[in-house]
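2 protein chains.
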Amino acid sequence: MSLIVHKYGGTSMGSVERIQNVARRVAKWHAAGHQVVVVPSAMSGETNRLLGLAKEINSQPDGRELDMLAATGEQASSALLAMALLSQGVPARSYTGWQVPVKTDSSFTKARIKSIDDVRIRTDLDQGRVVIVTGFQGIDEEGNITTLGRGGSDTSAVAVATAIKADECLIYTDVDGVYTTDPRVVPEARRMTVVSFEEMLEMASLGSKILQIRSVEFAGKYRVPLRVLSSLTDPLLPLEEEMTSGTLITFEEDKKMEAAVVSGIAFSRDEAKITLRAVPDTPGVAYSILGPVAAANIDVDMILQNVSVEGTTDFSFTVNRNDFARTLDLLKTQVAPAVCAREIVSDEKVCKVSIVGIGMRSHVGVASLMFRTLSEEGINIQMISTSEIKTSVVINDKYMELAVRALHKAFGLDQDQSQRPQP
Amino acid sequence: MSLIVHKYGGTSMGSVERIQNVARRVAKWHAAGHQVVVVPSAMSGETNRLLGLAKEINSQPDGRELDMLAATGEQASSALLAMALLSQGVPARSYTGWQVPVKTDSSFTKARIKSIDDVRIRTDLDQGRVVIVTGFQGIDEEGNITTLGRGGSDTSAVAVATAIKADECLIYTDVDGVYTTDPRVVPEARRMTVVSFEEMLEMASLGSKILQIRSVEFAGKYRVPLRVLSSLTDPLLPLEEEMTSGTLITFEEDKKMEAAVVSGIAFSRDEAKITLRAVPDTPGVAYSILGPVAAANIDVDMILQNVSVEGTTDFSFTVNRNDFARTLDLLKTQVAPAVCAREIVSDEKVCKVSIVGIGMRSHVGVASLMFRTLSEEGINIQMISTSEIKTSVVINDKYMELAVRALHKAFGLDQDQSQRPQP
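Line by line, the protein sequences are chains A and B.
Quick note on numbering: my numbering labels position 414 of the first sequence as 414, and the sequence is numbered without any gaps.
Quick note on numbering: my numbering labels position 77 of the second sequence as 77, and the sequence is numbered without any gaps.
Hints listed in this document are in silico derivations from the structure and should not be mistaken for laboratory results.
In this text the structure is predicted, and so the values were computed from the model without any measurement.
Be careful, since some hints might not be right.
[Unchecked claim] No more than 27 Å apart at the CA atoms, straight line, and that leaves these computed lysine-lysine pairs for DSS-like: (1) Lys398/B - Lys349/B; (2) Lys349/B - Lys110/B; (3) Lys110/B - Lys28/B; (4) Lys28/B - Lys55/A; (5) Lys221/A - Lys114/A; (6) Lys55/A - Lys332/A; (7) Lys103/B - Lys103/A; (8) Lys55/B - Lys28/A; (9) Lys103/A - Lys114/A.
[What the hints assert, rightly or not] Computed Cβ-Cβ distance ranges for the label pairs, DEER-style: (10) Ser368/B - Arg49/A: 26 to 34 Å; (11) Glu17/A - Val345/B: 35 to 43 Å; (12) Arg49/B - His363/A: 51 to 59 Å; (13) Leu236/B - Ser59/A: 22 to 30 Å; (14) Asn297/B - Thr123/A: 42 to 50 Å; (15) Phe251/B - Thr333/A: 55 to 63 Å.
C-beta: ideal position from N, C-alpha, C; glycine also.
Using the sequences and the hints given, assemble the complete structure.
As structure tokens, then:
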């Protein structure tokens, strides 16, 4: 008997019929003797519907009230799933974030989980019930409802799995695993059966939409084995088959059978680039620029500071395109005058493309193959950022698909591992 | 400065535009220096949408999960109203039932309020905020979400008004007051400017849909002055005018200017009649019949037991038509065998029509005018029930409109008070 967490995305919960399919799948695990906790997202479209209403009222609605509103989506889908399980004869009970409780900080719309009480969940599991915990939400110290931000249900699932020490956390979604890149852009993309935690972390942070990055961080920190698998298969698929399907995200490198040099190509179009030109290069200037940005709860991604020329430096960074206007406003009114920048240059028509692979650690020449490939396609690189297992470039966003396809081919990701070229 | 509770129904909250109108109206009261607590219903259609999803999954969904689901409607509308107020520059904050908390018993889908903590509400009011409390819902001792049943937001509003000792509880709705009867059935129906609490109680319990009966009971118990008024007037109507519009439900009889013999005609089509024939007339037989019905949480309305003939009696009662199948099943399988009833006769094509009036107390002949009027229209009376201030009859439901119109005319309700006939 295992203790398993299932997470179902909005598409999997998208209609009454699909919810009943989820219930059948959960019932199969329950019947096989497993203890199951389910973390569902809101029915697809519901969160957008709610946020749409909010935006009609105010283009920048109050965070506390927005969370109060958005949290209803998961509460409704969780209750419906409990009903579906009960009507299939499976004892089940749903809980909201505050009922568990899932305690978070007070950063409305992007709260972080601080702790999860496992008493209620364990009591119900021990009584043979399937426990449903609403994804995406929690409660802060003052008793306000908080949400974890888009894709937060993944994080909820992993956090619950950690709290109850689950054997595995299964992320059911509308794709059948993690691919070398998005198959909609590169039809030759291949599913990975195993991927390392570090690679998944880079893939997630770089715009691969399968898992929210924080869920992968969480899983890494607490070493929760994650599996991404399809919710669109027959819910009554033999359990043995389902248990080994999809992509396993592992923490043991020797388990990684396909230790390719480059495992995948990630990309993100939601990028915007901002440069402060000719900033006097004094100690602490980076903090003077990014401190106020962080204080405004804006996530900064790439940061690039050129070497100093005549006592001044150019300071560039990227933010999510949704935060672009707000960031620019902040820089113009507060930051640029304070640090005496000569001007602000910005571009919201950029994208980021990255190659990711644990194998890069021990192989030279990977980055240069990337740059050569882009150069041969006539694509200008605007920014470069590297880490141990990834190299990212910022380019004009009109070249995004072209770059991804070219890199996917150059690194042989459309071929069997054994036939891939070694740079 | 007064302390006022506003309650808005689903129609008043039915769209973003209407929610903004509600916000404008509330802002007007706030700007005039009043402390305002608002209790909104779910956006019209939302509760039906949610219950529809539940019914698709299971025709008799689990009560706990149903409440978990249904409570989301008011949570969403409350958050939207808070956003609308904030965007109009009015400080506001919304609270769910469990956040206040509104404590109830554990009768899912028809819970009763046990207590309301006023600390959070008062703290916010004292800080100049408008406080929004989700209607319809609460939390039981085990921390489960409960709902108060259809129309429960009225009860929430009155309960909140009681808890904070509000000066008046304003029930904004899509009609402009309480009428002598439903104007859709009798176009000559007239609005009452004042109605006594007792009359309103009878009107509500008899199917007048304006207020949930429990809210009137609550208001009566704690003597909260209630006013029913229109939410469809210009939200920026002069406050003085709005404060005296609609119908005031009063507890002081001398305030009632139009002390008519009969104040109004109430009716309800959602009735079903069940008779147990030839039940041996032993002591305790009524309890043997109705005990199991009450235990199944079925509300019984009229109860009628004829005098005993040859040691047996016929025992009749009415239930809401929605509970009819369930009640009949219960009687057939459990009750009838236990009390040795000869047979069960039932009819779900009946309705109830009632005349209501405080003046009936001191006037004879009111009931006989009612019976004569129905007889002249050729309508057969199946059951009769009376109280101090009302007389109800059960008739075939095809005669409902005819009966209401005839009685409305016979008691002169379409005329000024001074010109009404005295029976």
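Hint check:
With a C-alpha separation of about 8 Å, the suggested pair Lys398/B and Lys349/B falls inside the 27 Å cut-off, and the hint holds. For the proposed pair Lys349/B and Lys110/B, the alpha carbon gap of about 25 Å is at most 27 Å, so the pair holds. The suggested pairing of Lys110/B with Lys28/B is violated, with an alpha-carbon distance near 34 Å, which exceeds 27 Å. This hinted pair checks out: Lys28/B and Lys55/A have alpha carbons roughly 23 Å apart, not beyond 27 Å.
Pair hint Lys221/A plus Lys114/A holds up; C-alpha atoms about 14 Å apart against a cutoff of 27 Å. Distance restraint check for Lys55/A and Lys332/A: the Cα-Cα separation of roughly 26 Å lies within the 27 Å cut-off, and the hinted pair is therefore satisfied. With a C-alpha separation of about 22 Å, the suggested pair Lys103/B and Lys103/A falls inside the 27 Å cut-off, and the hint holds. A hinted pair counts as satisfied when its Cα atoms are at most 27 Å apart, and Lys55/B with Lys28/A qualifies at roughly 23 Å.
Using a Cα cut-off of 27 Å, the hinted pair Lys103/A and Lys114/A holds, with the two alpha carbons roughly 5 Å apart. A hinted range of 26 to 34 Å for the beta carbons of Ser368/B and Arg49/A is inconsistent with their spacing of about 58 Å. In this structure the hint that Glu17/A and Val345/B lie 35 to 43 Å apart at CB holds, the actual value being about 42 Å. In this structure the hint that Arg49/B and His363/A lie 51 to 59 Å apart at CB holds, the actual value being about 56 Å.
Between Leu236/B and Ser59/A the Cβ separation comes to about 24 Å, which falls inside the hinted range of 22 to 30 Å. Checked against the hint of 42 to 50 Å, the pair Asn297/B and Thr123/A fails, with Cβ atoms roughly 27 Å apart. Restraint check, Phe251/B to Thr333/A: a C-beta distance of roughly 58 Å satisfies the suggested window 55 to 63 Å.
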